Amino acid sequence: MSESNVQDQTVPAATPEPGRLTKGVSEFFKSPAAVIGFGTLIVICGLAVFAPWISPQNPYDLMQLDIMDGRLAPGSESMTGMVYYLGTDSQGRDILSGMLYGLRTSLMVGVLSAFAAAIIGTTAGLFAAYMGRRTETVIMRLVDLQLSFPTILMALMMLAILGKGVINVVIALIIAEWATYARTVRSTALVEREKEYVEAARMLRLPGWRILFKHLLPNCLAPVIVIATMQVARAIGLEATLSFLGLGASVTEPSLGMLISTGYQYLLTGLYWISFFPGIALLVTIVSINLVGDRLRDVLNPRNAS
Amino acid sequence: MTAKVLQRAAIALLGTIAIPAMASAQETPLTIGMSTTPTTLDPHEDSSAPNNATSRHIWDSLINLTGKSSNEPELATEWKAVDDTHWEFKLREGVKFHDGSDFNADDVVASLLRARDKPSQGFASYTRNITNVTAKDPLTIVIETKVPDPLLLNSVSRIRIISADCKDASVQDFDNGKCAIGTGAYSFVSYQPGSNLTVKRNDSYFAGPSHWSNVTLRFLPDDGARLASLLSNEIDIIETLPADGMERVASSGNLQIINGQSSRFAYLGMDVSRDVAAFATAADGSPLDKNPLKDVRVRKALLMSINRDAIVERIMQKNGTVADQFVAEGYAGHSDKVEKVAYDPAAAKALLAEAGYPEGFSLTLHGPAGRYVKDAEILQAVGQMFTRIGIKSKVEVLPWAMYSDKYSSGDFSFFFGAWGVNTGETTNPTVALVATRDEKKGTGRYNGGGISDPKIDEVLAKASSTLDEAERKPLLEELSTQTFNSLWLLPMHYENVVLGAKKSVSYTPRGDKYTLAYEVQPAK
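Line order of the protein sequences matches chains A and B.
For the first sequence, the positions run 1 to 306 when the numbering used here is used.
For the second sequence, the positions run 1001 to 1524 when the numbering used here is used.
Treat the hints as calculated values from the structure; they're not laboratory data.
Predicted model only: the values in this text are computed from it and were never measured.
Check before you lean on any hint, since a few could be wrong.
Restricting the straight-line Cα-Cα distance to at most 25 Å, the calculated cross-link-like pairs of lysine-lysine (DSS-like) are [as the list claims (entries may be wrong)]:
#: 1; chain 1: A; residue 1: K164; chain 2: B; residue 2: K1406
#: 2; chain 1: B; residue 1: K1441; chain 2: B; residue 2: K1473
#: 3; chain 1: B; residue 1: K1524; chain 2: B; residue 2: K1502
#: 4; chain 1: B; residue 1: K1455; chain 2: B; residue 2: K1473
#: 5; chain 1: B; residue 1: K1524; chain 2: B; residue 2: K1068
#: 6; chain 1: A; residue 1: K164; chain 2: B; residue 2: K1068
Quick look at which bits of chain B chain A covers, simulated, 3 or more residues with Cβ under 8 Å [as the list claims (entries may be wrong)]:
#: 7; stretch: 1216-1226
#: 8; stretch: 1245-1257
#: 9; stretch: 1442-1452
Calculated Cβ distances over 10 Å to all of chain A for the following chain B residues [said to hold, decoys possible]:
#: 10; residue: S1069
#: 11; residue: Q1380
#: 12; residue: F1386
#: 13; residue: E1396
Heads up, the beta-carbon is just placed ideally off N, CA and C, and yes, glycines get one too.
Chain A on its own, in the form it takes in the complex (with noise of 0.2 Å):
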């Protein structure tokens, strides 16, 4: 760490304006924390995108499953001669297979609703700031609303008005995410408000959209940056607890959160695998994306960089 601080003093001195994604980007790997973290998260991934092509079998299509094979200890052979090298679970489902398919769910909620979530909410805090006033008062006021809501609540309140299912769960948790956007994005465009570059633009006379999404936007980007990467965590986090509950992904399209709640049934009686693997790779998940997160802060955070 000493090492780097020292670095952090003399770069900018050497070299006045390095491009500044360069500079974060070196910044961002001298962490091997996060370097560990973004690789983890690079291979997870790749599993999860090419899950159709590496998998097994293909834990969806009910054709290959087969109950005379469920419950089946890691290392068992099926009767058609396949391995399943981490068990099955009661239906007879590779829990391999079911896992790199859960993952591509996960990660796809988390990342969908994480950026659909900061979009919705970026704009709401931007406009808030920008329009001040009643608008302001508005936003905001909804904001704190939201924000009074334990958000698992909200999430199973949008889910009884909506229905299961997996769309239903990002759309959920869309909901019940953007406001922590906005109240950041507002706080920051609040402050960028006041400065030099704004009144200059405004003394020119451009329009207000542009002000806003040329001027404003960017300057507000690295703290939204950082709270999508943790959101992606929360919401695959969030996303396995409303599986869990019952209440996300259908029970013949597992995603890790429904793996682990079908599981959880068996843990005492020994099965532990139809749990546990579904549950590291959630675990390992969450844990390599707030890495990452982590590292972006440091790196992105204006106070960190002088």
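Assemble the complex: chain A is given as a structure, and chain B must be docked to it using the hints.
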């Protein structure tokens, strides 16, 4: 100094442990882990097994229905049929409600009519024949039925007698304890919906006070949580011991498995009335112009594709018996004429092609999660087996509270259900599941497939008004024959009753699967 403090702390600690231990020497609490959750304490709102089992602790009925479906005197001491449509009941003298007020004929009249007239119509299948209830004198009532009703005594045994003061009370008044006042073996202490009910011994119970001073019913629909509570000694007896936990319980020194036969019949129902079924589409997802489930050949193919032996063996882990009709052999109404359909996927595929679906079709199967033994897993297995004969299946399971209304009102195209045949004969399941839906007559309330078979309705009407046992028997059998040769319902299995308990208690399982604290005995 420190030693002294420690010593004092140790004494204080010992004290806190010793006091409850001494108290429990006189007090004998019992905790039951129920596998299902009642929707309310109001005993007339909904006639589902968890509600009726829960209400049984606080309230009595005129007649006690024993675990083997026979009738015993309870609040009524004797009864007789005056003529074909009038029954007279003599009430027990000197019975008091938990609040100290006297029990008399007014309470009975108010309760029976309340159960009959409740907007929810939860007891319609039991009350549909009751036209009037009158108090002849404070200890005699007369029930008038529309038609001769051979099942009246059984019906009456299901209706709990509340105080007449509470006849207009809302569901909330029962749930918050205001009207949770009965004559039963236990009086209300507290109720947390979805979590637990606590009651305490009624020392002046007419049939003698219970052995248990305090009874807690904990609602633990989650198999893992229920098993964990038993293994950690928190609970004395749990319902529906998860099949996967049997080994753990058997090998433990202080726990036992209690096994018995149940009358609960599990079936698959489907939309056989609409011209287009909402959840059935062509194999490629395009809408079908007709409802394949209306074709008896398709229904037979579906049943042929299900390996019921494998389901009972592998998924239920032998906690069930394969069924072909409402009741097992030996019960009234078991028919030898029901054609047995064996597992044969190849023939099923051929039959499906013959019916005009060589490519199969797509179907969504709906079912509850945690209501019946391994319900969600059984339905997934059925989905697997359907897929093998070309019926692309999607399985949706819902929490019971969301599912129960929807399946009975016919929102699904294909669904999993089960019925406790508590009367031990076939008119009871036929009235609820197969008879044409008719709210006035109270028939077909759980007929989610919209089945309407005039022949069955006719036989049912006859069977329901015949009081003579010898005449009734062939009619009861005819109901099974008609229902299962037309495959209006696909028969699946009978559930076994398996409880897990501490060795310190003993219990004889009931056919209706209720776990009643009053019938739990301390082990000798």
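Each hint tested on the structure:
no., hint, verdict
1, K164(A) with K1406(B), "15 Å, holds"
2, K1441(B) with K1473(B), "23 Å, holds"
3, K1524(B) with K1502(B), "13 Å, holds"
4, K1455(B) with K1473(B), "17 Å, holds"
5, K1524(B) with K1068(B), "23 Å, holds"
6, K164(A) with K1068(B), "41 Å, violated"
7, 1216-1226, "holds (count 3)"
8, 1245-1257, "holds (count 3)"
9, 1442-1452, "violated (count 0)"
10, S1069, "32 Å, holds"
11, Q1380, "5 Å, violated"
12, F1386, "8 Å, violated"
13, E1396, "6 Å, violated"
Going down the numbered hints, you'll see the structure goes against 6, 9, 11, 12, 13, while the others check out.
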